[in-house]
Amino acid sequence: MSMFDPFADLTRLRQHIGRLIDEAPQAQGQQQRPDAGRVWRPAVDVFEDEDSLTVKLDLPGVERDTLDVQLNSEELTVTGQRKWQAPEKGGGVHSERPYGQFHRVFRLGVPLAPDRVQASYKEGVLTLVLPKAETVKPRKIAVNHSEG
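Here my numbering is used: the first residue of the sequence shown is 557, the next is one more, and so on.
Any given hint could turn out to be false.
Said to hold, decoys possible - Estimated spans, in silico, between C-beta atoms of each pair:
| no. | residue 1 | residue 2 | range |
| --- | --- | --- | --- |
| 1 | H572 | V699 | 21 to 31 Å |
| 2 | L569 | I697 | 48 to 58 Å |
| 3 | D671 | H572 | 35 to 45 Å |
| 4 | E644 | P667 | 43 to 53 Å |
Since the hints were made in silico from the structure, they are not lab data. Since the structure is predicted, the reported quantities are computational estimates derived from the model, not experimental observations. Built from N, CA and C at the ideal position, the CB exists for glycine as well.
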C-alpha cells in the first residue's frame, strides 16, 4: 500500500485559493455560508500490521449520522458532511474551519474481509479496522526434518 499522494501539493494550492476566494470582501448586505460549494479533505492516518489495516479520520464536528462508509473489493470510500451553523448573535469575522461535504477514497491494494470490518466514532475520530483476508496473511511453514 502506498502512502504517497502525488496530488498533495495541488490539493493544498486548491485549498489556499478557496480560502482566498472565501475571504474576499462580500457585497454589502450579503453573507455567504462558509460551506457553499466547498469540499474538504479530513486528515487521515493509515496503519498496517500483519492482520489488518487501520484507518483513522479526523472529523470533529461531524455528526455520526452524516457518515457513509463503503468497502468495495480493495477500495474504501468515506463520505460525510460538517454542517455550518450561523452564530446566534452577530456575524462571522473570520472562518478557517472547513464546512460542507467531504469525500475520501482509498485504494488499499490488499484483499480484505469485509464481513469483519469494525467502525467506531469517538471524540471526532472515525476509526476503521479492516481485517485482511486470510489468503494474504503470513503463514508459518513447518520445516520437516529429513535424513539423508
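Q: Against the earlier hints, flag every one the structure doesn't satisfy and list their numbers going up.
A: 1
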